[in-house]
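Q: All chains should be modelled from the sequences, with the hints used to inform the complete structure.
If you read the protein sequences in the order shown, they are chains A and B. 472 is the number of the first residue of the first sequence in our numbering; add one for each residue after it. 472 is the number of the first residue of the second sequence in our numbering; add one for each residue after it.
Be careful, since some hints might not be right.
Since the list gives no way to pick out one identical chain from another, each pair is judged satisfied if it fits inside one copy or across any two copies.
The list that follows gives simulated cross-link-like pairs (lysine to aspartate or glutamate, DMTMM-like), each with its CA atoms no further than 25 angstroms apart [claimed, not checked]:
id	residue 1	residue 2
1	K777	E735
2	K828	E618
3	K503	E796
4	K835	E904
5	K768	D873
6	K797	D897
7	K659	E685
8	K736	D496
9	K882	D576
10	K571	E796
11	K835	E660
12	K797	E647
13	K571	E618
14	K503	E526
15	K856	E737
16	K675	E735
17	K594	D604
18	K503	E660
19	K675	E660
In case anyone wonders, no lab produced these hints; they're calculated from the structure.
Each chain, written out:
2 protein chains.
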Amino acid sequence: MLTYNLERNSKTSLYESLYIFIKHDILSGRLKNDERLPSKRSLSQHLKVSVITVENAYAQLIAEGYVYAIEKKGYFVSLVEKNTRSLKMPALRKTQVTQKEYLMDFQQNSVFSESFPFTVWAKTMREIILEQDKKLLQPVDFNGSLELREAIAQYLFHFRGMSVNSENIVIGAGTEYLYNLITQLLGKEKTYAVENPGYTKVSKIYGINGIMCEHINLDSKGLSVNCLRNSKADIVHISPAHHYPTGIVMPVGRRQSLLKWANEKEGRYILEDDYDSEFRFVGKPIPTLFSTDYNQKVIYFNTFSKTIAPSIRISYMILPTHLFEKFNTQMNFYSCTVPSFEQYTLARFINNGSFEKHINRTKKLCRQKRDAVISAIRESPLSDKVTINEEKSGLHFLIKIDTRIPDNELKLLAEKKGVRLVFMTDYLFTPEEKYAHILIFNYSGIDISRLHEVLQILSNLIK
Amino acid sequence: MLTYNLERNSKTSLYESLYIFIKHDILSGRLKNDERLPSKRSLSQHLKVSVITVENAYAQLIAEGYVYAIEKKGYFVSLVEKNTRSLKMPALRKTQVTQKEYLMDFQQNSVFSESFPFTVWAKTMREIILEQDKKLLQPVDFNGSLELREAIAQYLFHFRGMSVNSENIVIGAGTEYLYNLITQLLGKEKTYAVENPGYTKVSKIYGINGIMCEHINLDSKGLSVNCLRNSKADIVHISPAHHYPTGIVMPVGRRQSLLKWANEKEGRYILEDDYDSEFRFVGKPIPTLFSTDYNQKVIYFNTFSKTIAPSIRISYMILPTHLFEKFNTQMNFYSCTVPSFEQYTLARFINNGSFEKHINRTKKLCRQKRDAVISAIRESPLSDKVTINEEKSGLHFLIKIDTRIPDNELKLLAEKKGVRLVFMTDYLFTPEEKYAHILIFNYSGIDISRLHEVLQILSNLIK
Chain A
472 MLTYNLERNS
482 KTSLYESLYI
492 FIKHDILSGR
502 LKNDERLPSK
512 RSLSQHLKVS
522 VITVENAYAQ
532 LIAEGYVYAI
542 EKKGYFVSLV
552 EKNTRSLKMP
562 ALRKTQVTQK
572 EYLMDFQQNS
582 VFSESFPFTV
592 WAKTMREIIL
602 EQDKKLLQPV
612 DFNGSLELRE
622 AIAQYLFHFR
632 GMSVNSENIV
642 IGAGTEYLYN
652 LITQLLGKEK
662 TYAVENPGYT
672 KVSKIYGING
682 IMCEHINLDS
692 KGLSVNCLRN
702 SKADIVHISP
712 AHHYPTGIVM
722 PVGRRQSLLK
732 WANEKEGRYI
742 LEDDYDSEFR
752 FVGKPIPTLF
762 STDYNQKVIY
772 FNTFSKTIAP
782 SIRISYMILP
792 THLFEKFNTQ
802 MNFYSCTVPS
812 FEQYTLARFI
822 NNGSFEKHIN
832 RTKKLCRQKR
842 DAVISAIRES
852 PLSDKVTINE
862 EKSGLHFLIK
872 IDTRIPDNEL
882 KLLAEKKGVR
892 LVFMTDYLFT
902 PEEKYAHILI
912 FNYSGIDISR
922 LHEVLQILSN
932 LIK
Chain B
472 MLTYNLERNS
482 KTSLYESLYI
492 FIKHDILSGR
502 LKNDERLPSK
512 RSLSQHLKVS
522 VITVENAYAQ
532 LIAEGYVYAI
542 EKKGYFVSLV
552 EKNTRSLKMP
562 ALRKTQVTQK
572 EYLMDFQQNS
582 VFSESFPFTV
592 WAKTMREIIL
602 EQDKKLLQPV
612 DFNGSLELRE
622 AIAQYLFHFR
632 GMSVNSENIV
642 IGAGTEYLYN
652 LITQLLGKEK
662 TYAVENPGYT
672 KVSKIYGING
682 IMCEHINLDS
692 KGLSVNCLRN
702 SKADIVHISP
712 AHHYPTGIVM
722 PVGRRQSLLK
732 WANEKEGRYI
742 LEDDYDSEFR
752 FVGKPIPTLF
762 STDYNQKVIY
772 FNTFSKTIAP
782 SIRISYMILP
792 THLFEKFNTQ
802 MNFYSCTVPS
812 FEQYTLARFI
822 NNGSFEKHIN
832 RTKKLCRQKR
842 DAVISAIRES
852 PLSDKVTINE
862 EKSGLHFLIK
872 IDTRIPDNEL
882 KLLAEKKGVR
892 LVFMTDYLFT
902 PEEKYAHILI
912 FNYSGIDISR
922 LHEVLQILSN
932 LIK
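A: Structure representation (structure tokens):
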């Protein structure tokens with residue numbers, strides 16, 4: 472007869488412990504397939520527990536398919552996959568990777584998550600669960616759900632002045648993933664040009680894919696087309712709307728010479744990363760390169776990681792028609808990497824105006840915070856040691872520090888005081904003196920109540 | 472004065488149409504920044520609508536940031552990004568890609584979505600929304616959320632007999648994505664071996680990445696290690712638990728010689744795809760290669776696309792520790808591609824036993840359907856023209872047809888009758904006579920009520 476020591480502890484009920492014991496014996500093979508289990512009554516007497524307890528345990532085992540019942544015959548062990556080896560439990564990481572706590576961290580340029588209307592988002596999620604029901608289990612088109620692609624096309628039309636066909640849009644789980652796709656589409660044998668200074672992750676992705684990558688210097692108008700001409704590059708990766716970290720907005724003239732460069736040779740393309748165009752506060756908008764290109768030379772990228780949340784992992788690219796056709800014939804075996812549920816939720820969130828409302832609110836809050844931070848700096852002891860360069864940049868601005876202390880040294884000193892700094896030089900692939908001593912002030916994530924203290928610390932370090 | 476023709480139609484309320492008109496004029500630039508809007512009263516008189524209507528329209532415009540109000544001064548146009556070009560609406564695809572309707576389609580080997588406990592899943596989603604709240608906006612570890620990785624480790628321990636450290640697990644948006652990651656980790660210059668016949672998508676992925684790929688023939692025990700030795704391959708991609716489409720379960724001996732091959736040279740690895748091990752019905756389980764490898768030569772892959780739904784896009788790989796460390800140092804700039812929400816939901820679904828329960832139920836249903844289908848074939852006029860090869864395979868079995876009609880021809884004939892067939896030869900990279908006339912009977916998705924008719928059709932075609 473099965474014998475278990477059922478302790479009456481508060482954690483698990485008696486029937487649960489019994490269920491666990493029997494299940495374990497079935498999985499371990501101690502109880503064989505089709506072996507008959509003791510009757511409820513006899514087991515309850517044997518273990519000194521109520522019949523109900525045994526009944527519940529058996530019911531659970533039947534529900535989960537470990538045990539089957541034959542009327543008037545009793546309960547038997549089902550055919551289940553046994554653990555064939557003696558096992559030890561896997562060692563589980565009990566603690567999260569401990570992240571250093573900073574008094575202030577300028578390295579992360581997170582969006583204001585505080586301004587995100589989570590209740591509206593959650594409500595939308597619940598609506599979608601109700602409405603879509605089992606449709607959520609069905610896969611969407613390989614380039615993303617029609618609902619979301621159309622919502623994005625509408626959004627881009629109204630708020631970015633772009634006329635886009637929803638069929639040319641490809642939805643993917645993050646821009647990083649889409650960069651991987653595009654290198655597969657355009658070819659890994661080509662040389663790619665990236666901005667110097669620039670967003671370092673892009674060249675990391677090219678690097679790990681074994682792709683030749685050249686770093687092109689910037690002048691006051693952005694990426695230098697002359698340097699580009701002197702490179703082997705056929706693909707250039709830029710963020711003309713708002714370059715990170717310099718904040719340069721590429722003027723129309725420069726954009727035109729870039730398009731000219733692309734049109735001079737078959738197989739040349741411009742990858743336009745419009746990643747935070749939603750957060751421009753000042754200066755009249757300049758149309759995207761994609762909209763001003765009439766020769767199918769521009770591939771447009773944007774993401775919702777900054778406008779909604781990094782955890783949502785939805786980005787998209789817009790392919791010129793001939794490239795979409797190539798993608799459709801050569802790469803349509805890839806399933807769309809974003810779950811249907813997130814796609815339907817986001818489409819609804821855009822279509823019912825919540826997204827637009829959220830962006831406008833966030834812009835206001837950002838502008839307010841930015842002004843507050845800047846005036847705080849102006850009133851601080853730091854003010855006479857720095858020049859603030861507001862530019863037209865979105866979620867950060869630049870501060871030129873009047874000091875001889877090398878950037879790395881200043882970083883270490885600040886780190887000791889609990890302040891994590893990030894400098895323009897951190898985004899340089901080849902050093903250039905003109906970029907020294909320029910602090911990147913990512914204000915969007917900071918706790919403004921600590922700003923006074925932090926500015927004091929910095930001014931002490933610099934003096 | 473602003474003049475709009477506000478039609479009293481049922482679709483949109485008066486205030487909505489007014490709001491849309493004004494918004495359009497702001498975006499189009501017809502209304503300039505900081506331009507004063509008419510007072511509510513005057514506009515209402517001018518347009519012959521109630522003051523409330525104008526009030527509501529203005530309120531909406533203010534809420535969305537198009538208009539700001541100054542007390543005792545009135546309403547003004549906010550600084551918003553204008554559409555700089557005259558625009559036409561993007562052409563939207565009005566109809567979905569029409570997919571051909573088949574009387575029966577053997578090409579898709581979908582899981583039973585009918586057995587998926589969607590209500591439980593939806594309940595779990597709602598729980599997670601409530602509990603995690605804004606935590607859903609936070610990104611998870613680059614290799615996936617700790618919750619899900621631990622849930623998977625526990626699951627593999629109990630139901631696959633694997634002892635796995637949750638730290639070595641990498642969560643990704645589909646196995647296809649993980650294959651891309653692994654080629655970046657192991658190197659694209661290496662030659663990869665895949666099974667012939669085999670899962671064609673794998674070599675497509677290697678192909679589009681410009682990776683050398685050799686197709687290794689199978690014998691009765693699976694991939695031939697002799698052929699592997701004669702190839703240039705250093706990485707081999709196999710599915711030993713249940714090869715698709717042959718259904719071969721690789722015996723222990725062959726597994727050992729594969730491990731031996733891997734151990735003979737630095738940098739050799741085995742990619743073990745365990746994709747539908749949950750659906751084995753008969754035969755005692757054989758431990759995974761991963762569990763029997765003590766030299767860190769095996770990378771394990773599995774997915775939830777088949778056990779939950781293709782739309783969920785959650786797969787995982789388990790890296791040997793030294794490879795995880797390499798991944799952690801060289802590739803941790805990649806964010807995890809699966810949304811936090813899906814990860815928390817799945818972790819809960821596994822931890823509360825729902826997943827296990829679902830698998831056991833589905834296995835039962837599959838077995839029943841399989842038996843029903845097989846006996847239907849046995850009783851059909853087809854029976855004396857075919858040999859059924861049950862093997863130990865999961866969601867499909869094989870039927871050898873006694874005919875001289877080439878597979879492609881038979882496919883066309885069946886297609887005309889509304890039956891979509893798939894043959895072993897469809898999964899061959901280099902033709903081999905022994906694989907001719909073998910039908911892959913993917914029964915899991917078929918409508919059994921139509922089976923009788925379909926079997927009649929097939930038997931007519933063959934005679």
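Q: Now tell me, hint by hint, if it's right for this structure.
A: Each hint tested on the structure:
no., hint, result
1, K777 - E735, "neither (35 angstroms within a copy, 48 angstroms between copies)"
2, K828 - E618, "within (20 angstroms within a copy, 33 angstroms between copies)"
3, K503 - E796, "neither (57 angstroms within a copy, 41 angstroms between copies)"
4, K835 - E904, "neither (36 angstroms within a copy, 70 angstroms between copies)"
5, K768 - D873, "neither (43 angstroms within a copy, 55 angstroms between copies)"
6, K797 - D897, "between (37 angstroms within a copy, 23 angstroms between copies)"
7, K659 - E685, "both (14 angstroms within a copy, 20 angstroms between copies)"
8, K736 - D496, "neither (70 angstroms within a copy, 41 angstroms between copies)"
9, K882 - D576, "within (11 angstroms within a copy, 63 angstroms between copies)"
10, K571 - E796, "between (48 angstroms within a copy, 21 angstroms between copies)"
11, K835 - E660, "neither (45 angstroms within a copy, 50 angstroms between copies)"
12, K797 - E647, "both (20 angstroms within a copy, 19 angstroms between copies)"
13, K571 - E618, "between (41 angstroms within a copy, 21 angstroms between copies)"
14, K503 - E526, "within (21 angstroms within a copy, 76 angstroms between copies)"
15, K856 - E737, "neither (51 angstroms within a copy, 57 angstroms between copies)"
16, K675 - E735, "neither (28 angstroms within a copy, 32 angstroms between copies)"
17, K594 - D604, "both (15 angstroms within a copy, 11 angstroms between copies)"
18, K503 - E660, "neither (58 angstroms within a copy, 49 angstroms between copies)"
19, K675 - E660, "both (16 angstroms within a copy, 18 angstroms between copies)"
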